[in-house]
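If you read the sequences in order, they're chains A and B. Position one of the first sequence corresponds to residue 0 (numbering that gives the first Met the number 0), numbered consecutively onward. Position one of the second sequence corresponds to residue 0 (numbering that gives the first Met the number 0), numbered consecutively onward.
Treat the hints as calculated values from the structure; they're not laboratory data. Certain hints may be false.
No more than 25 Å apart at the CA atoms, straight line, and that leaves these computed lysine-lysine pairs for PhoX-like [as the list claims (entries may be wrong)]:
#1 A/Lys443 <-> B/Lys50
#2 B/Lys261 <-> A/Lys443
#3 A/Lys407 <-> B/Lys298
#4 A/Lys416 <-> B/Lys298
#5 B/Lys22 <-> A/Lys402
#6 B/Lys340 <-> B/Lys350
#7 A/Lys88 <-> A/Lys103
#8 B/Lys22 <-> A/Lys443
#9 B/Lys350 <-> A/Lys248
#10 A/Lys419 <-> A/Lys407
#11 B/Lys350 <-> A/Lys168
#12 A/Lys407 <-> B/Lys278
#13 B/Lys278 <-> B/Lys298
#14 B/Lys329 <-> B/Lys298
#15 A/Lys402 <-> B/Lys278
#16 A/Lys476 <-> A/Lys407
#17 B/Lys264 <-> B/Lys298
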Amino acid sequence: MSSSIKVNDLVVKFANVNGTGSASANYLFAKAIFRMGIPVTPKNIFPSNIQGLPTWYEVRISEKGYYGRRDGIDIMVCVNPQSMMQDVKSVKTGGYFLYDNTKKLHPSFIRDDINYIGVPLMEMCNREYSDPRQRQLFKNIIYVGALTALLNIEFEVFEDLLADQFQGKEKLIAPNIKALQLGVDYIKDHYSYPLPLRVERRDLIGDKILVDGNTACGLGAVYGGATVAAWYPITPSTSVVEAYESYVKEFRVDPITGQNNYAIVQAEDELAALGMVIGASWNGARSFTATSGPGVSLMNEFLGLAYFAEIPAVLIDVQRTGPSTGMPTRTQQSDILLAAYASHGDSKHVLLFPSTPKECFEFTATALDLAERLQTPIILLTDLDLGMNDHVSDPFVWDENRKYDRGKVYDASDLDKIEKFGRYLDTDGDGIPYRTYPGTHPTKGSFFTRGTSHNEYAGYTEDGEDYVKNVDRLLLKWETAKTIVPAPDLYQANNNSKEGILFFGTSMYSAEESLDQLAEKGLKMDAIRIKSFPFNNTVENFIHSHDVVYVIEQNRDAQLKSLLVNELSIDPNKLISILNYDGMPITAYKITSNILEKSKFTIAQTANI
Amino acid sequence: MTYQRPTFKHPGLPKNNLGYTFKEYEGGLSTLCAGCGHDSISASIVEACFKLNIEPHKVAKLSGIGCSSKTPTYFLGNSHGFNSVHGRMPSVATGASLVNQELMYFGVSGDGDSASIGMGQFVHAIRRNLNMVYIVMNNGCYGLTKGQDSATADEGSKSKAGSVNMFQAIDLAGLALELGAGFVAQSFSGDKTQLIPLIEAAMKYEGFAFINVISPCVTFNNNVGSTKSYDYVRQHIEATSTIDFVPIQEEILTNYKEGDHKNIKLHDGSYVMLNKLEKDWDPGDKNSAFSALQKARDKQEILTGLIYLEENPTNLNKLLNTNSSKPLSKLTEKELCPGTKTLQIINDGFK
Ligand SMILES: Cc1ncc(C[n+]2csc(CCOP(=O)(O)OP(=O)(O)O)c2C)c(N)n1
Ligand code: SF4
Ligand SMILES: [Mg+2]
Chain A
0 MSSSIKVNDL
10 VVKFANVNGT
20 GSASANYLFA
30 KAIFRMGIPV
40 TPKNIFPSNI
50 QGLPTWYEVR
60 ISEKGYYGRR
70 DGIDIMVCVN
80 PQSMMQDVKS
90 VKTGGYFLYD
100 NTKKLHPSFI
110 RDDINYIGVP
120 LMEMCNREYS
130 DPRQRQLFKN
140 IIYVGALTAL
150 LNIEFEVFED
160 LLADQFQGKE
170 KLIAPNIKAL
180 QLGVDYIKDH
190 YSYPLPLRVE
200 RRDLIGDKIL
210 VDGNTACGLG
220 AVYGGATVAA
230 WYPITPSTSV
240 VEAYESYVKE
250 FRVDPITGQN
260 NYAIVQAEDE
270 LAALGMVIGA
280 SWNGARSFTA
290 TSGPGVSLMN
300 EFLGLAYFAE
310 IPAVLIDVQR
320 TGPSTGMPTR
330 TQQSDILLAA
340 YASHGDSKHV
350 LLFPSTPKEC
360 FEFTATALDL
370 AERLQTPIIL
380 LTDLDLGMND
390 HVSDPFVWDE
400 NRKYDRGKVY
410 DASDLDKIEK
420 FGRYLDTDGD
430 GIPYRTYPGT
440 HPTKGSFFTR
450 GTSHNEYAGY
460 TEDGEDYVKN
470 VDRLLLKWET
480 AKTIVPAPDL
490 YQANNNSKEG
500 ILFFGTSMYS
510 AEESLDQLAE
520 KGLKMDAIRI
530 KSFPFNNTVE
540 NFIHSHDVVY
550 VIEQNRDAQL
560 KSLLVNELSI
570 DPNKLISILN
580 YDGMPITAYK
590 ITSNILEKSK
600 FTIAQTANI
Chain B
0 MTYQRPTFKH
10 PGLPKNNLGY
20 TFKEYEGGLS
30 TLCAGCGHDS
40 ISASIVEACF
50 KLNIEPHKVA
60 KLSGIGCSSK
70 TPTYFLGNSH
80 GFNSVHGRMP
90 SVATGASLVN
100 QELMYFGVSG
110 DGDSASIGMG
120 QFVHAIRRNL
130 NMVYIVMNNG
140 CYGLTKGQDS
150 ATADEGSKSK
160 AGSVNMFQAI
170 DLAGLALELG
180 AGFVAQSFSG
190 DKTQLIPLIE
200 AAMKYEGFAF
210 INVISPCVTF
220 NNNVGSTKSY
230 DYVRQHIEAT
240 STIDFVPIQE
250 EILTNYKEGD
260 HKNIKLHDGS
270 YVMLNKLEKD
280 WDPGDKNSAF
290 SALQKARDKQ
300 EILTGLIYLE
310 ENPTNLNKLL
320 NTNSSKPLSK
330 LTEKELCPGT
340 KTLQIINDGF
350 K
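Chain A on its own, in the form it takes in the complex (with noise of 0.2 Å):
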């Protein structure tokens, strides 16, 4: 075993018990990392259970900034019996595995190629409080203190943490800094310590935040105006609107009535969040709703509505593992085409692929502002690891200076300008009409709101030519929505390597580093991360540009392929799928690796060009 120092560079899982508090006490140890200034990620993994099944957590510590999930655990971190054997089997040679020694180890959990470190945790609790409750926080609490000593975590960085976490509720820190102290003594005296494997101080944080993307789409919702919020529970997405309604609760109350600036439903069901969307957005509010795949599924025929009837809406959709209930805790990027083409008919819907936090709050207030400018739903795709799990991000940031884009609408002034109001007149050639808010004119600018065929002037027709020119002026928007939904990021300025890689949402972070990887390898790619649909220019070209383009995807379908291959006529064998569909996020080697195995251009090849 190499005792060589490795700094800022390892993998620590926790394996907890459902239920048992674990959540805030590792959440603690991810922090104190974080506020080391050290690059963290951290994942929960957790069933679909409130209390008793076997959850995870997992921190990953890069120095070099790679904020994906990597394989091979060098710490475990095991308090939960049930999960042991297949605990002990997924550390990696030479790690470690931290467990509760009050009961001797079974010789079945013990292999010769990694470290044993026993902590006796029950005991210790039990000596130490008499409350049950206690016995359980605080044992969560010892094993991070002993990770402390372990990895040489800076203890007052612990004592500010508490802080902040009690304030107003002081009384409870200095048990807890008793806890975590126990846990440091313990290991003080029964082991050498620190491990190679540490952490130290960087400054490599910055002015960079750790938030989950729920919390950002929740705050978004508010900085983007959004004044009605109708939804279903359903994880991952529950947190969305909890995060909106504590925001709102604090910053939409009107100071003088005290009567709120916002509304929030829980709808009966899905069918029923999404209708209340389009009734508010029909009356000229923003609004949106959030949910999971199953929610889409209901939505489906809403959609199709708001889209034919030219109705903004806005839809946050946190994916979760599919199909059917699926694995409703896993994270996948699995309701693309469900999305793009909800409902029956000829129907397709604006689509936004945010990878981080602070996208999530940008695009969630873009998504308003385009909903209404374009008048149709605009769906924000993020998913469960992006949703559920914090992440460092950028700060979000607002122009103080922002306004709203509340698109093509008439008031009654306008109203009086006009000859003859036409709810469905391409008036400027964009194929986006202007639309009138109930109750704005007296005589002028009302119309009737119809799923059915209608046209120019929103009356009933079943004339084949009205209709067919209707639906083309919608084909029309779409081309619109090309030249002002957010454009894609692309890591090169000009296009120089054979194969292209592209990616969105929560692949960017291993596809980054897997470019990296694939660069020391002397293996050079272009790569583009997509963040909308549909696509525009710069997402054609960079395909027709390669000869070969690996398209990552967290789905067993390939489901972005087959929309790019479907929109932009591409060839299929030129867009070569890698796919990661296991409910856990992809890593960087599953990239690298496929590449590297797919890859026609040898790396001497490449070396040589």
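Knowing the structure of chain A, use the given hints to seat chain B with the ligands on it.
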């Protein structure tokens, strides 16, 4: 094809207090079957709005899908309308009503729309106490899909093709009452004298006002043996009382004998005047409303008129305490966006 009425206005047409003629409350020409009960209800709605001096553009009409749900095109042509999807009008109305409390929300649905596919949304609209008028044009069948039984078809009722319905009927008025609707009424499309004041009162009511209107489908469910045919309904109707609506400006002139009548004051000061009350029935008492419905059912009669009226209604906007002085649609960045400085503080909280 468009079915627009001629816009020519006769200069001598009577106007209401707001200066609007009757015509200005009408909509496009109906495309429903001649004699369809739904058309009579549309006509009653037009008349009620004219009489009530409603500003047409201050009404939002919403509906689902069905012959009944088409009717919002046939009344209030100067109001915004929304023909949504089958059974989902309540959710659209919910969202709309949260935004702008200056408008009156008028929902129209069918018995298929509300009692089957949209049952979930119907009951939740009641539960949330939307401030709206909700009319079900109830013909016991699916008119638009050619006459299949609906969930409000009575057990034993015979269809045009001769089949007998074997399932129990869902009693929408009873259900609304049970779920806490503040205003529950039942009527018959053919009884304008009763229906018009009921609609007027419902429009003035500041809570969920439900009117279940039996509205025969002449094409598919007007046969002998059907309990929703014109003949059957006329023979089996029993009214709780006669009803008048007295708007705020007018004085109550008629004098009725003590015990025979009851005046209920609505929020804006107008009155619902009930005369010749049914024995043992008090519209302010839920138990007596239930029992009146049940007694009528036992006698195989259709109880019409006002059934229940809660005098101090609440509604969703009050419950949620949403801005009542300015529609949410009119709020600007100033009221909605917490701003850059606050965002800095929020960012700091995540460090
Ligand atoms: C999702 C969906 N399913 C089925 C239909 C077909 N459909 C249209 S109207 C209707 C029934 C309407 O019955 P009702 O609400 O009683 O209205 P009526 O025509 O009797 O007035 C049905 C089943 C539809 N439009 N949408
Ligand atoms: S089918 Fe029946 S409900 Fe429909 S319009 Fe004709 S009569 Fe009316
Ligand atoms: Mg019907």
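Tested hints:
1. For the given pair, lysine 443 of chain A sits about 22 Å from lysine 50 of chain B by alpha-carbon distance, which is consistent with the 25 Å threshold.
2. Between lysine 261 of chain B and lysine 443 of chain A, the direct Cα distance comes to roughly 42 Å. Violation of the 25 Å bound is thereby established for this hinted pair.
3. About 58 Å separates the Cα atoms of lysine 407 of chain A and lysine 298 of chain B, which puts this hinted pair outside 25 Å; it is violated.
4. Between lysine 416 of chain A and lysine 298 of chain B, the direct Cα distance comes to roughly 61 Å. Violation of the 25 Å bound is thereby established for this hinted pair.
5. Straight-line distance between C-alpha atoms of lysine 22 of chain B and lysine 402 of chain A comes to about 42 Å, which puts the hinted pair past the 25 Å bound.
6. At roughly 16 Å between alpha-carbon atoms, lysine 340 of chain B and lysine 350 of chain B fall within 25 Å of each other, so this suggested pair holds.
7. Pair hint lysine 88 of chain A plus lysine 103 of chain A holds up; C-alpha atoms about 18 Å apart against a cutoff of 25 Å.
8. For the given pair, lysine 22 of chain B sits about 15 Å from lysine 443 of chain A by alpha-carbon distance, which is consistent with the 25 Å threshold.
9. Taking the CA atoms of lysine 350 of chain B and lysine 248 of chain A, the gap is near 22 Å; set against the 25 Å cutoff, the hint holds.
10. Taking the CA atoms of lysine 419 of chain A and lysine 407 of chain A, the gap is near 16 Å; set against the 25 Å cutoff, the hint holds.
11. Taken as a hint, the lysine 350 of chain B and lysine 168 of chain A pair is honoured in the structure, with Cα atoms around 20 Å apart against an allowance of 25 Å.
12. The hinted pair formed by lysine 407 of chain A and lysine 278 of chain B fails the criterion: a straight-line CA distance of about 58 Å is larger than 25 Å.
13. With a CA separation close to 15 Å, the supplied pair lysine 278 of chain B and lysine 298 of chain B stays within the 25 Å bound.
14. Note on lysine 329 of chain B and lysine 298 of chain B: the hinted pairing is violated, with a Cα-Cα distance of about 53 Å set against a maximum of 25 Å.
15. A threshold of 25 Å between alpha carbons decides the hint, and for lysine 402 of chain A with lysine 278 of chain B the separation of about 63 Å lies outside it, so the pair is violated.
16. For the proposed pair lysine 476 of chain A and lysine 407 of chain A, the alpha carbon gap of about 13 Å is at most 25 Å, so the pair holds.
17. Taking the CA atoms of lysine 264 of chain B and lysine 298 of chain B, the gap is about 32 Å. The hint is violated against a cut of 25 Å.
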